[in-house]
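Participant: Protein chains in written order, with the working numbering: chain S, 110 to 535; chain D, 110 to 535; chain P, 110 to 535; chain W, 110 to 535.
In short, the hints are calculated from the structure, not lab data. Possibly wrong hints are sitting among the right ones.
A pair holds if it fits inside one copy or across any two, identical chains being indistinguishable in the list.
Said to hold, decoys possible - Below 20 angstroms or equal to it, Euclidean Cα-Cα: the simulated DMTMM-like pairs (lysine to aspartate or glutamate) are:
#1 K314 to D429
#2 K427 to E298
#3 K297 to D429
#4 K365 to D517
#5 K332 to D321
#6 K471 to E489
#7 K212 to E364
#8 K427 to D296
#9 K471 to D443
#10 K471 to D497
#11 K111 to D296
#12 K111 to E298
#13 K297 to D139
#14 K375 to E364
Values in this document were obtained by computation on a predicted structure and should not be read as measured data.
There are 4 protein chains.
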Amino acid sequence: MKTINKITVIGGGSTYTPELVEGFITHKEDITLNELVLFDIDNERLNIVGGLVKRMIEHAGLSSQVVLTLDRPAAIEGANFIVSQIRVGGNKARIRDEEIPLKYNIIGQETTGPGGTLKAWRTIPVVLDIAHEVEKYAPNAWFVNFTNPSGIITETLLNHTQLNAVGLCNNPINFFARMSRLFNVPDKEIFLEWIGLNHVNWVRKVYIQGQDRTSEVIDQVAKDGVPNYSFDANLVRHLGVIPNNSYLKYYYFPEKKVEEAKLAEKTRGEVVLEIEKDLLTKYANLDLKIKPPELNLRGGALYSEAAIRLILSIALDKRDIQIVDTLNNGAILDLPYNASVEIPCVIGAHGVIPLQMGNLPKTIRNLCQSVKSWESWTVEAGVTGSRDAGLSAFMSNPLVPSYTVAHDLLEEMLDANREFLPQFFK
Amino acid sequence: MKTINKITVIGGGSTYTPELVEGFITHKEDITLNELVLFDIDNERLNIVGGLVKRMIEHAGLSSQVVLTLDRPAAIEGANFIVSQIRVGGNKARIRDEEIPLKYNIIGQETTGPGGTLKAWRTIPVVLDIAHEVEKYAPNAWFVNFTNPSGIITETLLNHTQLNAVGLCNNPINFFARMSRLFNVPDKEIFLEWIGLNHVNWVRKVYIQGQDRTSEVIDQVAKDGVPNYSFDANLVRHLGVIPNNSYLKYYYFPEKKVEEAKLAEKTRGEVVLEIEKDLLTKYANLDLKIKPPELNLRGGALYSEAAIRLILSIALDKRDIQIVDTLNNGAILDLPYNASVEIPCVIGAHGVIPLQMGNLPKTIRNLCQSVKSWESWTVEAGVTGSRDAGLSAFMSNPLVPSYTVAHDLLEEMLDANREFLPQFFK
Amino acid sequence: MKTINKITVIGGGSTYTPELVEGFITHKEDITLNELVLFDIDNERLNIVGGLVKRMIEHAGLSSQVVLTLDRPAAIEGANFIVSQIRVGGNKARIRDEEIPLKYNIIGQETTGPGGTLKAWRTIPVVLDIAHEVEKYAPNAWFVNFTNPSGIITETLLNHTQLNAVGLCNNPINFFARMSRLFNVPDKEIFLEWIGLNHVNWVRKVYIQGQDRTSEVIDQVAKDGVPNYSFDANLVRHLGVIPNNSYLKYYYFPEKKVEEAKLAEKTRGEVVLEIEKDLLTKYANLDLKIKPPELNLRGGALYSEAAIRLILSIALDKRDIQIVDTLNNGAILDLPYNASVEIPCVIGAHGVIPLQMGNLPKTIRNLCQSVKSWESWTVEAGVTGSRDAGLSAFMSNPLVPSYTVAHDLLEEMLDANREFLPQFFK
Amino acid sequence: MKTINKITVIGGGSTYTPELVEGFITHKEDITLNELVLFDIDNERLNIVGGLVKRMIEHAGLSSQVVLTLDRPAAIEGANFIVSQIRVGGNKARIRDEEIPLKYNIIGQETTGPGGTLKAWRTIPVVLDIAHEVEKYAPNAWFVNFTNPSGIITETLLNHTQLNAVGLCNNPINFFARMSRLFNVPDKEIFLEWIGLNHVNWVRKVYIQGQDRTSEVIDQVAKDGVPNYSFDANLVRHLGVIPNNSYLKYYYFPEKKVEEAKLAEKTRGEVVLEIEKDLLTKYANLDLKIKPPELNLRGGALYSEAAIRLILSIALDKRDIQIVDTLNNGAILDLPYNASVEIPCVIGAHGVIPLQMGNLPKTIRNLCQSVKSWESWTVEAGVTGSRDAGLSAFMSNPLVPSYTVAHDLLEEMLDANREFLPQFFK
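Bound-form chain S, shown alone (with noise of 0.2 angstroms):
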C-alpha cells in the first residue's frame, strides 16, 4: 500500500505528538495518511497538541484529516497503525519514581529499577484495556508501542494478548547517526549488531560499508571520543562490545548516578514538567505551523524517524532491517524463548522477524540476565498483581542491594502508587 488508511495516537496529547506529525511530513513522498487520530483522556492537551498538528498538516500541504477524540474504541476502530505513548499517573508520578528510591541510595528512574518497575505497573492495567480493545475493534493493526519502560510493556503485550505488537526506541537510530558522523558516511552504509534489551543493550560489531570496524570505534572512546558518547574507556575496552550510552550508566556506575541524582536541583520530571508547560504555551500560538526547536529540550530525538521507519517498512513491505524490540524466541540463545529483546529485525508487511543474534558476549551475559529477570517478573507481578512477584522482581534487579531493602522500598512504593495499581490493592 502507498496509502494507510487510519493512524491511531493512543497519548495523542502528548507533546511529542508533533514530532511524529513531522515524520509523516517528510516522508510526504513516500507515503500517503488518509486520516490521523489523536486520542487523549485530557481534552486541553488534546485541543492544543491537535490545533498544532492541525496547523503542521496544512502548512505541510498534506491531504491527511486530523481527527481529535476522547473515545477510544472509536479511535482504535479499523486503524491500521496504533502508535501508543501513555505516562499513567503523569509527571507527577514519575517524580515520586525518582524522589523514593533515593533515600534508599538507588537511582530513581522511569526505565530503570524501582522507578522503572513502578511506572511499568501503572501502565500495564491500562494498556492491557487498550489491547483489549485493539484485538476487538482493529484486530490486524499494527501496535508500536513507545510507552515507557518499553522492553517491559512490550513483553507484556507480546505475552499476555493477541496483538501485532512491537516495541520501539530512538536509541538505536541514535547510534547510527553517531556512527554516520564518526566514519562519515550515510546511515544506510552502516549495520550494527545490536544486542540485549531496551536500554539494557550494546552494540557487539559495528559495519561500515561491510567492513567491521567496531575494535576502531572502542579505541576511538578513548583517543579522541566519539560523538555524543561518554563512556568510560577503559569499561568499553573491558568488555568488548560498546556500551549503549544512557542507561547503562545506572548499572555500571550506581554511586555516580546516585549522588549526581542527589545534588541535581531538579528531578528529571519535575525539569521535563516545566519543559512541558513551555512547549504547551508554544503550541497554543496559533501562528506556529511547524515543530518548534525546543521540543528537542524534551528528549526523544529522531523519535519520528525510527517510528516512521518501522511504519513505512511495514506498509510498503520493504524487508529492510531495523533495530526494534519483539519475542526472542532463541534470537539471542542466552535469554528465555518469551523475553522481549532489542535486535536488528526483518521489517515487513508479514511482521518483525528476528535475526539470529547467537550467544551474548560472556562480559555482559550476567547483566543482561539479571536485568531479564527483573523485567519478566515485573511483567507477571504487573499483570496478575502479586506482591510475591513484585518482591521478586525488586530483588532480581542489580541496583537492589538486599532483601531488606527490596522488601521495604516495595512497600512503601506500592503504598505511594496505590491509586494507579487496580491489581494490586483489589
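For this one, chain S is given, so just place chains D, P and W on it according to the hints.
Facilitator: Frame of chain S, contents of chains D, P and W only:
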C-alpha cells in the same frame, strides 16, 4: 564496490559455466567484473567452454577479461569470489552412485541417500584441498558452493575451514518463480519462510505482498495445481507446510521412485553424459555467442540468477533476504548449532546472518532431524575416513532399511569408489 | 511402612497374576500385605486365576486377604498401589496387530511399529478411564504400569493425568541376570548405565563391583557369547554400547524379522492364546497351589521380582537405584522434557527421581529420537483421536518406509480396530 | 573392598585432621585403612598434628600405619583417596581477604564475594600442581576436595584436570542433623532436594519418611524456630524453598553483615588464628589421645562424618544418595553444563552421578545464576591469570555494586596478594 575485481570458477569447464556468465551479462548495469578466471583440470573442456565464455562476454559488450588456467593457486590468488562447481569422478561415478543402491531397492541419487553420501566423500578431500589454498591465497574471498550435495559440502566448509563459505541451490529461486506465476506478482513481492536443509526443505509460510496465503497454496495443489509443482495433495495438506518439489519425493515416496528408476532406460547420469556431449559440441561452434537454449535440459534453471544475486548483495552490501545454506547457530531450534541449514538470511558485505526461524513444525521435525543426522555423519566420515562414522551415516539415512543393508551397501560402494577415497583407504 | 494395606491389580484375571503373587510370597519377610484385590472384566478368568491366587497365598502361610471383584471403583478405592496389566481387545486384537502389517512387509508386534501403535490406541481410552477413577478414589496411590507398549502408556499417564505413575518392564532385571551369570557376581554388585526408552534401549556402561567392564562384555558377545544374549557382534562393536536383546532387533534387522514372521506357522498372539488356554486349565486344578513352571513359556521372566522390588522401595523408602520408565525432565539431554524414558532412578517413598544420564551416545541418538517421535505422536493421536496425528505416528516410525504405506496401513488398521477406538470414530 | 590401602591428606598439618581421623575410628567396623599419609609443607605443625593422630589411632586400637611426610609425590603415589584441605597464604591472607573489602563496604569472607575470589586465586595454582602429580602418581585415586571455596576449586579440578574429583562441604550433613532433631527421626529417614552451588544453596523439598514436610518446616521457621537455623521467616516464606543457613545471609542481608563485621573486634581469621594456636598447644600434649572438644569452635561440625561417608560409599560401592559438589551436566537445567553444582548424587565405586533436579525455582534462579557466573569467571581468571576475567568475576558478583568498585578493589586485592598469584604476575 560497484566493481568486482576477480571471480574464479573452480570447475570452470562445466557446461553450467555459460549459465553463470549469462548472469553477469544480464546484470551488467549493476556491477562491473574485471577478471573472470575459469579453472579446471580438464584442459579440453576448459578450452571449449572457455571459448564460448569469451565469445559471450565480447558479444555482450563487457570489458571483463576471461582467463583460462590449469594452475589452481594462481586462479585463486586474490579472488573476491570463488564459485565452486566440481564433480569428482565425473558422471561415470554418478552412474555408479545411481546403479549400486538400486540393487538394494534404494534410490540412487547424487544428493540423497547412499549415492549422495558417496558423492560427498569423493568431493570432501578435494574441496578441503581447495579450501586450504583459499585460506592461503584469498583469505577474505567469499566461497560460493554449488557442488552437490550442497548442504553437506557447505557444512564441511563451515566446520572444518576458515572460509567465508555459503552454499547455494536453485530450488528456492524456482519456488519464488512458481509463486510469482501463481499469484501473478513480481518476485520481490513474495516472502517465504523456507525451513530445513538443502534438498530437504519445506515452505512454512508464503506471504504475497505481506499477506499470508499459505493455505491458499495448499488448497491450490489439490484443486487446479501449482505451475511446475506436482506433490501429492493429501500429503501436502497433512504436513500443513509445502514440501519442496523434487527431492523430498525420495523420502515420502521411495518405492515409487525406486520403481521409476528401475523402469528407466537410462540413469540420470547416463542422460546427462549425453546432454553434455551434445552441449560441448554446440559450445565448440565458433558461431555460438550466447547461452544455447539446450542448456536448460541439463537442469539448474535460474542457477545463474541465484548466484548473481548472492554476489551482488555481498558486493553492493544490499542487506536483502535470500535463502542460502549457512550455519544454523540456533536459527532452527530443533537442529544442532553447527549444522548447515537452508533458510532465509540477510546478505550484505558483512556476511550472511540467518533469520530466527524458531521450531520446526512438528509434522516435519523427525524427517528433518534424521536427514541432518545422516548429513553430519557423512561430514564426519568424509573428513576423517572413519568406516564406523560411514556406517552410522548409512544407518541414519531414512532410505536405508536396516543394519544389514547399510553394512553391505557401504562395503560395496566404498570398494567401487576406492580410487577417489584416499581418506578411507590410507 | 512395613505393612501395605491394599494392592489392586487391574486385569487381575491375567495369567501373569500368579507371577506377581509369587513375588509377595518370596518377600514375605520384608513386607506384609493386608489386602490383594484382583479386578477384571472377565468373571470366568477372574475366578480361575483368583482361585489359584487364594490357594497360593494360603499355601505360603500369608495372612493377606484376596478379594475378587468386577467393581472397578471399589477395587481402586484406598489402594496404596495399583498394578495395571490389561489387554484391550485381547489376543485376538494382538493377532490382527501382527498380521496386517506383515501384508505390507512390516513386522507386526505388540510394542513396536504399527502393531504397537494400535495396541496403544486401544489401551489409552481405557487406561485414562481407570486413571480418572484413581485420581478420585485413590489419589495418593502409586500406579505401576505393566501394560504394553509400556513407554507409551506411561507417557500418556505422566502427561495427561495427575497420577503417581511409573512404568515397568522386565528387560532391565533380565539384563542384570545375564551380567550376574557372566561375571559370577550377585545382582547388587552390578551397576548399569541403561539409556533410552522402553523396549528401545542400550546399556552404555556395565560396572561390576564399581569397575567399568563394558568393553569386556562387548568383546564377549563376539567371542564366547553372553548367556541369553544373541545380538550381531559386529553391530554391538559398531555401536559401542550394548543394545538390549530382543526388541531392537526389529529396528536393526527388520527384513530378517519380517521373513521369520512370514515363515512362522503361528503368530506370537496365536501361540499365546494356546499357552493361555493351557495355563487356565492348569490354574483351574484345585490341587495347584504354586505358580506352575509352564508360566515361564508365557514370557515375563522375573517380572514379579521387578514389580516387588519397586513396590518395596516405595513402601520401605529404600532409595535404591532401579531402572524404570519415568518422565525425562532433562535426564537424557537429547530427548524432549515431557518424554517417558527408561533409565536408572532413585526409588523411595518420595517417588521416582531419574539420574542425570547426559547426552545419548551419537551412534544411537537418531534411532532413539525417531522412535520417541513415533511414541509421542502415538500418545497425541491416542488421546485426541486425531487421524493426522495418527498418520504422523506411522510416518515417524522407522519401520514404515513411506507416506504411501503409512497412509494405507493406517486406514486398514484403524478400520480393523474400529470397535476399540472410540476416540477415532466419534 | 573392605580394606582401603592408602589415604593421603594434603594439608595434613591442619587442625582439622583429628576430625577426619575420628571418622575412621568411628567407622572402624565398616572399613580397614592400611596407611594414612599426612602431607604438609609446615614440618612443625605436621609433627604436632601427626603426633596426636598417631596417639588417636593407637588409642582406638586401629592397625593403620600413619606416615608423616614433606615429600608430596611420595605422599600421593598409589593413594586410593586424596583428601585436600589446604590454605594457601594461611590465616594471614584470610585476614586480608576479610579486611580489604570491608573498606569498600563489602563483606570480606573466605568463600563469598571478593575474599572468596582471592582465596580461590591463591589456591588454584597450588591445587593444579597437586592435581598434575595425582594424574601422574595416582591416576585412579578419588580426590576429595574440602578446600574453600569448595565449589570453585572443584569446578577448576573438574574442567582443567583428569582427576576423579568431588567436592565436599559439611553444610548438607548439618542440615540433615537439624531436620533429624526437628522431626525426631534418624538421618536415614530424611530425603532432601538440595539445589544450588556450594555455599549458595536451598532445600526445595524436605521428605521425612517419604512424606513432603517442606511447608511445615517453612512454617516452623516463623513459629517456634528450627534448631540451629535462624533465617528471616518472611524471606523463607517468600522464597518457598529453604535457604541454607549462613552463607546466603551475605547475599540477602549484605548491609547487616557488613555492619556486624565492622562492629566485630576481630575478623574471623583473627579468631581462627587464636583458636588454632590454642588447639596446637593442646594437640602437642602427649597425654591427649582423642579429638579435643575445643575443635568444635573451629567450625566444621560433622565434617569427618561427611568425608567418611563419601569414602565408604565409594570404597564399598554403596550407591546411596549424598549431597556433594560435582559437574552439572544438565542436572540443573538453568546452569551451564560444565558448572560445579551441589546436589544429591548417587555415590558408588563407579563414581558420582547427579540426580536430575530439573529447573531451579524461579525465586532463586537469578541469584544462583549470578553467583555461578562469578564462580566461573573466578575459575577462568584463576587458571589463566587474565585480569579481564578477574574484573568480570568481580563485576558479576552480586555483592560488588559497580564497575568502579570492582575495578579499584580488584587492583588493591591483587596487589596485596601478589606473592601468591604467579598466574597474574608473570
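Participant: Could you run down the list of hints and mark each one as holding or not?
Facilitator: Right, here's what the structure says about each hint:
1. K314 to D429: Intra 18 angstroms, inter 19 angstroms, cutoff 20 angstroms: intra and inter.
2. K427 to E298: both (17 angstroms within a copy, 9 angstroms between copies)
3. K297 to D429: Result: close both inside a copy and across copies, 10 angstroms intra and 12 angstroms inter.
4. K365 to D517: For K365 and D517, the Cα distance is within 20 angstroms only across copies (15 angstroms; inside one copy 23 angstroms).
5. K332 to D321: within (19 angstroms within a copy, 51 angstroms between copies)
6. K471 to E489: For K471 and E489, the Cα distance is within 20 angstroms only across copies (12 angstroms; inside one copy 27 angstroms).
7. K212 to E364: both (13 angstroms within a copy, 15 angstroms between copies)
8. K427 to D296: Both, since 16 angstroms and 13 angstroms are each at most 20 angstroms.
9. K471 to D443: both (10 angstroms within a copy, 16 angstroms between copies)
10. K471 to D497: Close across copies (11 angstroms), not inside one copy (31 angstroms); limit 20 angstroms.
11. K111 to D296: Close across copies (19 angstroms), not inside one copy (24 angstroms); limit 20 angstroms.
12. K111 to E298: between (25 angstroms within a copy, 14 angstroms between copies)
13. K297 to D139: both (17 angstroms within a copy, 18 angstroms between copies)
14. K375 to E364: Within one copy only: 18 angstroms inside a chain, 29 angstroms across chains, cut-off 20 angstroms.
Checked against the numbered hints listed earlier, the structure breaks none of them; every hint is satisfied.
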